[in-house]
Every structure is written in C-alpha cells, then in structure tokens.
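There are 2 protein chains.
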Amino acid sequence: MTSPDARPPAAIAVVGTGLIGTSIALAGSAAGMTVTGWDPDGAVLDRARELSGTTAAGSVEDAVGAAEVAFVCTPVPAIPEAALRCLAASASVVVSDVGSVKTSVVEVIDGAEGVDRTAASRFVGGLPMAGSERSGPEGAAATLLDGAPWVLTPGPGTSPAAVGTVTACVEAFGAHPLMMDAERHDRLVAVVSHLPQIVSSALMAFAAREEHLEPDVMTLAAGGFRDLTRLAASTPVLWEQILRANRTTVAGELERFAAALGSVRDMLLADDGAALLGLLEDARPARLGLAAKPQVRGGVVILQVRIPDRAGVLAVLSGAMGARDVSIEDLQIVHSPEGGGGTLHVTVAAGQVDAASMALAEAGFRPVRLA
Amino acid sequence: MTSPDARPPAAIAVVGTGLIGTSIALAGSAAGMTVTGWDPDGAVLDRARELSGTTAAGSVEDAVGAAEVAFVCTPVPAIPEAALRCLAASASVVVSDVGSVKTSVVEVIDGAEGVDRTAASRFVGGLPMAGSERSGPEGAAATLLDGAPWVLTPGPGTSPAAVGTVTACVEAFGAHPLMMDAERHDRLVAVVSHLPQIVSSALMAFAAREEHLEPDVMTLAAGGFRDLTRLAASTPVLWEQILRANRTTVAGELERFAAALGSVRDMLLADDGAALLGLLEDARPARLGLAAKPQVRGGVVILQVRIPDRAGVLAVLSGAMGARDVSIEDLQIVHSPEGGGGTLHVTVAAGQVDAASMALAEAGFRPVRLA
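Protein sequences appear in the order of chains A and B. One point on numbering: in this note's numbering, the residue at position 13 of the first sequence is 13, and numbering is uninterrupted. One point on numbering: in this note's numbering, the residue at position 276 of the second sequence is 647, and numbering is uninterrupted.
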C-alpha cells in the first residue's frame, strides 16, 4: 500500500499544540524537518513555541502553508473540521490526525459536502500509542513517540502515496507504523481502553454512593480496589468526547461485558464452584502473560516485599535492583490501610527473578514470590 | 460491649499457620504471649515454627490446650469445623477467626448441632485488614498487623467477656479493633473487594477471548487496562472459596453493578453527553479523595514523569524524593508498549507537591502535575 520510495517530509504542520502536538513538533525538529504550529489558545501556542522551537502561525491555513504533512492534534470533536480546513488550505498537503477514535473522523471527512474524492484521499487517520491523554504542552517530548506503535487507518479511498508519506514521516519520528482498519481499531480500543474507563468510573461512583450510607466502606478497601478505580481520576471532558465519538461500538461491548457479569451472578446464585473457578483460572494466566512490556510478555514474576513506611525506602530497594541490573517492570504499593508500613508488589522478568531476589535479600528485604 | 478490665491473654493458639496465622504467632510472641500452633500440613507447621518460634502441637486439641484465645486462620471453608473443634477442646477458650467472610461462619457455629449457647457465645468473628491473601508462612511478620484495622463481628449471643478478651489481645498486637455487624461487613466487602475481583477477572477473560480473534488487541492496551486486570492474577481457588462463602450478597451487588453499566450503555446509545459527563465527574473527586493512606486522604497530587527504560532510573528518582523527605504514596509505571522508555505516575500528598517537584527537577526529571 505504501510507496517504497516515499521519503520523510521536509516540512510539517502541527494543528493543536498540546502534549502530542508538541511532541510531534519536537520529533519533527529532531528529524531535521521544518515545523509550523497553530493552536486556538494563544498561550498554549506560545508555550509550545518556547518548548519546541516550532514557528507559530496565525491560522490553520498559515500553518499548513508549504507543509507536506499536517498533523491534526486537537481534541476529538474538533478533528474533522480542522482536518477539512487543512485539506482545503493546500492542494498537495497530506493530513493525518492523532484522535483516539478513528471511524467517526474518517466518515465525516469522506462525507463532507464540498470535499472532493481527491482531497479526501489525502487524509490518513492515525494514532500514536503514546500513553498519556494529557492536554498541555508541558509534558511533551520527542521520546514520547520514539519506539511507540503508531496506528494508521487508511481506507479504500486513501491515496497510497499519502499513506507512504505519513508512514515515512512517522518512521522518521522513530515510531512503528501499524496498519489497521479504522472500524477494527475502534472495536479493539473499545475493549481494552474505553470499556475499562467506564468500568473504573462506574465502580468508583458505585462505591462512593455506598460510602455516603456506610462510612466504613473505604476502610475495608485494599490495594485491589485502588487499582480498579485509578482510571476514574482521568479528565472527565476528554473521556466524554472519546466515548461519545465511539459510542455505538462501546455500547455494544458494554452490553456484552454486562452480560458476562450477569453470568457470573448466575454462577454465584447456583453455587457453581466449577464455573466460578473456571473463570478465575482462565483469567489468571492471561493476566500474568500481560507483562509490562511485550519484550517480557509470557514470563514475569511478582515478588511481594514488606516495607516500612519511610521516605527513601523505595530508593534503597530500587537502588539494590539497579545495582544488579534488574529492571523493575511494574510496581504496586499496597499500604496498610492506616499506615505503619506496607507491602510492595514488584514485577520482574522471569529470567531476572533470582538476581532480583538476591538483590532484595542483600538490601535487607524478604521477598516472597507470588506468581 | 467490652469489659473495661479485660487484659490480653498470656497464652494463645493459632490453628492454620499460613501468612496470617504465623504473623499472629509472631505478634503474640512479641507481646510476651505463649504461642502454640497447629497446621494440617506438617511442612507448613515446621516452617512456621522455624520462622516464629511457636510451639508445634500435634492436633487442634493439643494446640488449644491451656490457651485463653485460639485464632482459626484456615481457608474460609474449613473455618466452622476448626472453630467448633477449638470450642469443644476447652470449656474456657475464646475462639476467633480471620476469614474474609463473616456471616456464613457465624451462622454455622450458631446453628451447629450439639453446640450449646454457652460454647457458641465464646466465638468472636474477626478479620485483620492486613492486605495480602497469600497462603504461605514465608511473608509473615508481626508488623503486618501493627496499625491495621481489625474487624470484630460479635453478634447478640456473643459473650461480652469474650469480646473483651479478643479486643485486648488484638490491641496487644498493635492493631485497631473495629466493631461491625457481620452482615454489614459482608455487604461492604462485597462492594470494595469481592465485586472488584470479579470485575477484574471477567474483564481479563473478556479481552483474552478477543485476543484469540484479534492478536493486535493487547498492543492497544495501555496502563489503565493493566491496572484494572491486576487482581485477575490472584489465586483462583482462594477467591472461589471467598466468593462462594459470600455468594448471595455478592450476586446482589453484581446485579446492581451490571445495571449501572447498563445505564451507561443507555447514555451512550442516546448520545447523552451530560449524563456521561456527570458519571465521570462524580467518580473523579471520589477517586482523588481515596489516597493511598487515610492520613493523606483528601489531598494527593499525581505527577507524571517520563523515564528512560533503564535499570536504576527508579532508584535515582526515589532517592531524590527521599533526600527531600517526600513520601511516595503510590507509583504506577506506564511503559511504552514497545519499550524505549515510559511514563511514571507518582502520587504524593498535596502538601509535599512542591518539594516533590523540586526534588524531581533537581534529579533531571520534568514532572507534570496531572491532578
């Protein structure tokens, strides 16, 4: 689908200079590209210019100017209009975006009045898997994109040359292009991203209503509850936009998941221990195989370590691990509910478990292998 | 309800010398009590004896001997029978347990044939909130119980003198007794512990089935998905027992939670942005208020820090925090899905955010305040 001779662009535009937009600007500059940015918020644009050295434009049209590729990095609801303005601003620019939801964006651009097929064919939906959904330019860095998978969702009407240009550009940032159908992308993120967000917020709201009636409920909540509800601290307006942009797909997955919970309820009411055990036993190896990084997937070990509640104890522990070249893949702090020390769950690659245990023992900890 | 003149026992028995049982043995020894232990698994009993210095008994009856309090620390299904044996072994011993579910235990003891009211009145249900559900004696420590809330669930038929003795004993361990009705306890843990376990395992199983069809799905899973599914790595047989022991209550909460998810689905299908935003906005402050420790509840800040993927980086970061006496309340590692660095979410008390930011900046990190 891509042209083998595609080369990275010499000039790019960034429309929306938040965290991802400014990171793209930094990655583009690092790759020797000329970068022009625009943001509707003058203060955000100024800050992005200071941080990334990008040239600040006065409008979307100015930003696109002579750019070969324009990245639309606005919040999800604003993407289609901004992308259409970019396409209209130049007869040759290739436009991509970084929105968390792809189908609705592509549909609007394909169906927009006054947009001919040729213009629409220059749009390539995209999404770098760069972790954070945060909005400000402050956390931006080229390294955020370095090594990240970057989903691209060209459709049947997308120009192969446009796909080639965006692919070469993304590769110049150090990211790994991953071609995926837009609808398939949206269904997969509905399962592993949008559904978890809803479950987390709904569980927190569910328990909070309970707390209103039963003040002791949170005293009984341990580390597991905190894990499940951590996502509930995400920015509400951002998630409202993402969930609405993918609402039909998310609603379908939510219905299937609620039905799965309903069948667990039936197992409980029937006191069907075998079915219940089957569910727990199916889930456990799947979770253990989901390592912090794909490199160590299939082989991680969790070590439980009790720690005193003291500033600096984590430094001693991680210093001991570092001295033996053990990489900590994941780490969970399980405080005693009323302080006075706690427990740490340290995840390491299975191949490093002996070195990790030795390092911990030498530093005076008593690790217990959990899984 | 407790006798004001109750004093801690001079001798205790521990039936079931796993993690909690051995921790109780250690705490009892530290408080100057004579401790006798028994476990059906001779190797576990030997290991507990080595670790805690407890006297190993040949049977439940031998262990109870002259003990004033016997703690039943077996898996949940074995508690009623073990407790009844302890009650029968001595006409004066007070018996308590540490099972995760309370109503079903109390009901069996109260309703058991051949047990008179006097014997049953010497049983006081209990549960230390000591974090781990792990089974082996290896991770045991008296400090696991130090400062922990310890739920006690006396019923109308429980002897006030027995409650007084157990309370004094638990206080001698350094724990904080928390009186609670058994049914209320079981309903609250259904919400904050049993429901989260089911949701986590069900979500992991749900996504794993998807992965079977769509191998890319886990490439799109970020840190949030890992948080929600961490509990799915728990020991299946242990949770099967806990969930079944509280099955009617858990089934009811599960039904209510599935209905809550159903109403989110309705919001999505109706594209009701206000309702969706309302849910997300209700959940967020509740989660932010749920700090790692109650001491800092109501005031925590999350700092996002990008880190290189290098052994030892965590030591540098936590060392810098420790040097400025900043206590890390929680920490989440968000790896880039394909390595090459990652992002850390560091939670600190709101009052320490300036010191934390300064410490991080001095160590060469660029923290971004998230919430």
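Quick caveat, the hints were computed from the structure, so don't treat them as lab data. Ideal placement from N, C-alpha and C gives every residue a C-beta, glycine not left out. Errors might be hidden in some of the hints.
Unchecked claim - From the derived model, a few chain A residues whose C-beta atoms are all more than 12 Å from chain B:
hint, residue
1, Ser-29
2, Gly-42
3, Ala-66
4, Ala-88
5, Ala-91
6, Asp-116
7, Ala-130
8, Ala-202
9, Asn-246
10, Ala-274
11, Gly-322
12, Asp-330
13, Met-358
14, Glu-362
As the list claims (entries may be wrong) - Just so you have them, the derived chain B footprint on chain A, three or more residues with Cβ under 8 Å:
hint, stretch
15, 49-63
16, 94-106
Right, here's what the structure says about each hint:
For A:Ser-29, the requirement that its beta carbon stay farther than 12 Å from each beta carbon of chain B is met, with the minimum near 17 Å. Non-interface call for A:Gly-42 relative to chain B: holds, since the shortest CB-CB distance, roughly 21 Å, exceeds 12 Å. For A:Ala-66, the shortest C-beta to C-beta distance to chain B comes to about 32 Å, beyond the 12 Å cut-off, and the non-interface label holds. Separation of A:Ala-88 from chain B is adequate, the least Cβ-Cβ distance of about 28 Å exceeding the 12 Å criterion.
The claim that A:Ala-91 lies off the interface holds: its Cβ sits roughly 34 Å from the closest Cβ of chain B, which is beyond the 12 Å cut-off. Non-interface call for A:Asp-116 relative to chain B: holds, since the shortest CB-CB distance, roughly 30 Å, exceeds 12 Å. Not every Cβ of chain B is farther than 12 Å from the Cβ of A:Ala-130; the closest lies at roughly 8 Å, contradicting the non-interface assignment. Residue-level check failed: A:Ala-202 sits 5 Å from the nearest beta carbon of chain B, not beyond 12 Å.
Its closest Cβ contact with chain B, about 9 Å, brings A:Asn-246 to no more than 12 Å, contrary to its assignment away from the interface. Under the 12 Å C-beta cut-off, the non-interface status given to A:Ala-274 relative to chain B is violated; the minimum distance is some 9 Å. Not every CB of chain B lies more than 12 Å from the CB of A:Gly-322, the least distance being 3 Å, so the non-interface label is violated. At roughly 5 Å, the least C-beta separation between A:Asp-330 and chain B is not larger than 12 Å, which violates its mark as non-interface.
Against the 12 Å criterion, A:Met-358 stays outside the reach of chain B, whose nearest CB is about 14 Å from its own CB. Taking the minimum C-beta to C-beta distance to chain B, about 14 Å, the non-interface status of A:Glu-362 holds against the 12 Å cut. Counting residues of the stretch 49-63 of chain A whose beta carbon lies closer than 8 Å to any beta carbon of chain B gives 0, which falls below the threshold of three, so the coverage claim is violated. A stretch counts as covered by a chain when three or more of its residues have a beta carbon under 8 Å from one of that chain; for the stretch 94-106 of chain A and chain B the count is 0, and the coverage is violated.
The structure shown violates the earlier hints numbered 7, 8, 9, 10, 11, 12, 15, 16.
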